[in-house]
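Protein sequences, first through last, are from chains A and B.
Heads up: the first sequence begins at 1 in the UniProt record's numbering, then just goes up one per residue.
Heads up: the second sequence begins at 1 in the UniProt record's numbering, then just goes up one per residue.
Check the hints yourself; a few may be wrong.
Claimed, not checked - Per the computed footprint, the stretches of chain B lying under chain A, defined by three or more beta-carbons under 8 Å from a beta-carbon of chain A, are:
#1 96 to 105
#2 189 to 195
#3 250 to 261
#4 264 to 272
What the hints assert, rightly or not - Calculated cross-link-like contacts (lysine-lysine; reagent style DSS-like; alpha-carbon spacing at most 30 Å):
#5 A:LYS94 / A:LYS166
#6 B:LYS285 / A:LYS94
#7 B:LYS165 / B:LYS29
#8 B:LYS162 / B:LYS29
#9 B:LYS29 / B:LYS283
#10 B:LYS162 / A:LYS64
#11 B:LYS29 / A:LYS94
#12 A:LYS163 / A:LYS94
#13 B:LYS285 / B:LYS29
#14 B:LYS287 / A:LYS94
#15 B:LYS285 / A:LYS64
#16 A:LYS94 / B:LYS165
#17 A:LYS166 / B:LYS283
It should be emphasised that the hints constitute simulated quantities derived from the structure, not laboratory data.
Ideal Cβ positions, reconstructed from N, Cα and C, are used throughout, including at glycine.
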Amino acid sequence: MDILVYIVNDPNIRWIILGCMLLGLSSGVIGSFMVLQQKSLIGDALAHAALPGICIAFMLLGVKSTAGFLIGALVAGVLATVGIRWITEHSRIKQDAAMGIVLSFFFGIGVLLLTRIQHSGNGGQSGLDKFLFGQAASMMREDLYLLAGISMLLIAACTLLFKQFKLVSFDRGFARGLGWPVVWLEQIILLLTVFVVVAGIQAVGVVLMSALLITPAVAARYWTDRLHIMILLAGIFGAVSGAAGTVSSSMVSQLPTGPVTVLVATLIFAVSALFAPRRGWLARLWQQRRNRLEWNREGGMPHEQ
Amino acid sequence: MSSDFWIMLTAALMSASCGILGCFLILRKMALIGDAISHAVLPGIAIAFLLSGGRDSMAMMIGATALGLIAVFIIQWLQISGIQSDASIGIIFTALFAVGVILVSLNARNIDLDLDCVLFGEIAYVQWDTWMLNGADMGPRSVWMLGFALLVILTLLGLFYKQFKITAFDPAMAAACGIPVMLFHYLLMGMVSMTSVASFESVGAILVVGMLVIPAATAYLLTDRLGRMLIYSVIVGVVSSIVGYYTAYMLNASIGGSIVTVAGILFIITFLLSPRHGVLFRKLKQKRIASSITSN
Chain A
1 MDILVYIVND
11 PNIRWIILGC
21 MLLGLSSGVI
31 GSFMVLQQKS
41 LIGDALAHAA
51 LPGICIAFML
61 LGVKSTAGFL
71 IGALVAGVLA
81 TVGIRWITEH
91 SRIKQDAAMG
101 IVLSFFFGIG
111 VLLLTRIQHS
121 GNGGQSGLDK
131 FLFGQAASMM
141 REDLYLLAGI
151 SMLLIAACTL
161 LFKQFKLVSF
171 DRGFARGLGW
181 PVVWLEQIIL
191 LLTVFVVVAG
201 IQAVGVVLMS
211 ALLITPAVAA
221 RYWTDRLHIM
231 ILLAGIFGAV
241 SGAAGTVSSS
251 MVSQLPTGPV
261 TVLVATLIFA
271 VSALFAPRRG
281 WLARLWQQRR
291 NRLEWNREGG
301 MPHEQ
Chain B
1 MSSDFWIMLT
11 AALMSASCGI
21 LGCFLILRKM
31 ALIGDAISHA
41 VLPGIAIAFL
51 LSGGRDSMAM
61 MIGATALGLI
71 AVFIIQWLQI
81 SGIQSDASIG
91 IIFTALFAVG
101 VILVSLNARN
111 IDLDLDCVLF
121 GEIAYVQWDT
131 WMLNGADMGP
141 RSVWMLGFAL
151 LVILTLLGLF
161 YKQFKITAFD
171 PAMAAACGIP
181 VMLFHYLLMG
191 MVSMTSVASF
201 ESVGAILVVG
211 MLVIPAATAY
221 LLTDRLGRML
231 IYSVIVGVVS
241 SIVGYYTAYM
251 LNASIGGSIV
261 TVAGILFIIT
271 FLLSPRHGVL
281 FRKLKQKRIA
291 SSITSN
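The following block holds chain A by itself, in its conformation from the complex:
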């Protein structure tokens, strides 16, 4: 109960919890599509690719501004997706290596620019590197509005284009056969992912952002075969992780929010993988045992005549 009293009494904590829940919700929803399209690690690539965009935005503006960072990261993220597509289409390099190349090349440029900024002695740069690990506690009211806006945009897009996103994720060839603009639909999903990644970097950091996209979605997949339920569950799992991460890190000093959020999501995943009905490890073990019993009851191996 102490925790509840604490949360209710501290408006700052309430905002941060709300922000992290919105972030978990939107990354769970869009992450489901990424996981189904077998592009789970693109979130990782996009999160790293955002760094040079943010640095260039800072260099141009001279101050830290969330809107500026968002635009910089958005441009960098779009360039990264185009780069990955280009490399895979025009050479024999496979998607995973292309992602590795783009991710580390952009990140290398980002680190280069970041150290340039740090050595230039601009006073406004302090804390610019903090976004690598994320600092949920530094979330401002404007950041929350931004997160809320992005979540609403994302949920609206996913609702309106649900049928399209679904078919593109499950059967790309069939969607193309229907004459749908598959490439554009995929690009829209990527763009929405870039939005979430950019918004999330401030809260949980670059590396851990990809966990919020992947882990809740895979956990949700264990419980259902239906896409809309999977998306709903992934959103809930993400939101629960965000809330639990914020609460526990505000209770224990020096416990960073991002990693705790990720560990809560991993815990949900582990529970799903073990205990989910039908697909979970225990359920499958039970099924195997039942099959064996049935087999034995029916006489086992038929004797040769």
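Since the structure of chain A is provided, determine the placement of chain B on it from the hints.
Leaving out everything else, chain B in the frame of chain A:
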């Protein structure tokens, strides 16, 4: 010896090790497992730090290699139980990285392990961190660690080149030939883990990924033979290290960052201009074929 020399030697040793291993990762379509391993070794380093109470290189190397192998093992296990390979990579490396960040942040006051340093690395300091043996200064510790890693890689590859080659190109055939495919898989992963941790302090976790993937991919666009690919990959890595070092010096910026940036630029040039696999020459060839068809 001048500090320039030590820094470039460290970077070159790191690039050579990563370049060799990267070729096998690319051929086995496991480029991003390097990403996973280089993040997953963080808790291993943190635990080794806490247990040994200092920067004991051997303990760190063992801890990190162990964690890297555990990560690979769990990823493998999740894949067998039906999760896509990229999703299982994503789940495991982020979880282990989160554990590592928490361990480091909770003990930040007790131990001298800086997250920024682990992630970015600071190669400029290598010459001050020397290995003392019986009171004698043996030179930078990073050089020893990376040299040891490279020696292990070269020895193992020298002994089992054929096995590694067949496993990389055709695992099914390798299994049919009686090669213990899983053993070589874990040997390769063990070498990647070892190299990641040895490179950690010099270029940082994320840039290790770059040196694992980019030079090898560049070499992949230049040749169809594994032997040459390994050599080209090492050359690209070493050239990036040297050019990157001077670029960083001129720009007054991170050495690791600029090494990867130079490697990326070399990749782009190769991607456009490679004689057989480059975009430009393929376009020209298509044009030539098209014009020869129309002229006939």
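Hint check results:
Only residues whose C-beta sits within less than 8 Å of a C-beta in chain A count toward coverage, and the segment 96 to 105 of chain B has 6 of them, enough to reach three; the restraint holds. Here the segment 189 to 195 of chain B counts 0 residues with a CB under 8 Å from a CB of chain A, which misses the bar of 3, and the coverage is violated. With 10 residues having a beta carbon nearer than 8 Å to a beta carbon of chain A, the segment 250 to 261 of chain B meets the requirement of three or more and the stated coverage holds. Here the segment 264 to 272 of chain B counts 3 residues with a CB under 8 Å from a CB of chain A, which clears the bar of 3, and the coverage holds.
As the CA atoms of A:LYS94 and A:LYS166 are separated by approximately 25 Å, the hinted pair is consistent with the 30 Å bound. Taken as a hint, the B:LYS285 and A:LYS94 pair is honoured in the structure, with Cα atoms around 23 Å apart against an allowance of 30 Å. The hinted pair formed by B:LYS165 and B:LYS29 meets the criterion: a straight-line CA distance of about 14 Å does not exceed 30 Å. With a C-alpha separation of about 19 Å, the suggested pairing of B:LYS162 with B:LYS29 holds against the 30 Å cut-off.
Between the alpha carbons of B:LYS29 and B:LYS283 the distance comes to roughly 26 Å, so the proposed pair stays at or under 30 Å and holds. Proximity of B:LYS162 to A:LYS64 is assessed by CA-CA distance (about 54 Å); at most 30 Å being required, the pair is judged violated. For a cut-off of 30 Å, the pair hint linking B:LYS29 to A:LYS94 stands: about 7 Å separates their Cα positions. Using a Cα cut-off of 30 Å, the hinted pair A:LYS163 and A:LYS94 holds, with the two alpha carbons roughly 29 Å apart.
Simply put, B:LYS285 and B:LYS29 have alpha-carbon atoms about 28 Å apart, close enough for the 30 Å limit, and the pair holds. Using a Cα cut-off of 30 Å, the hinted pair B:LYS287 and A:LYS94 holds, with the two alpha carbons roughly 26 Å apart. Simply put, B:LYS285 and A:LYS64 have alpha-carbon atoms about 49 Å apart, too far for the 30 Å limit, and the pair is violated. Taking the CA atoms of A:LYS94 and B:LYS165, the gap is about 19 Å. The hint holds against a cut of 30 Å.
Straight-line distance between C-alpha atoms of A:LYS166 and B:LYS283 comes to about 36 Å, which puts the hinted pair past the 30 Å bound.
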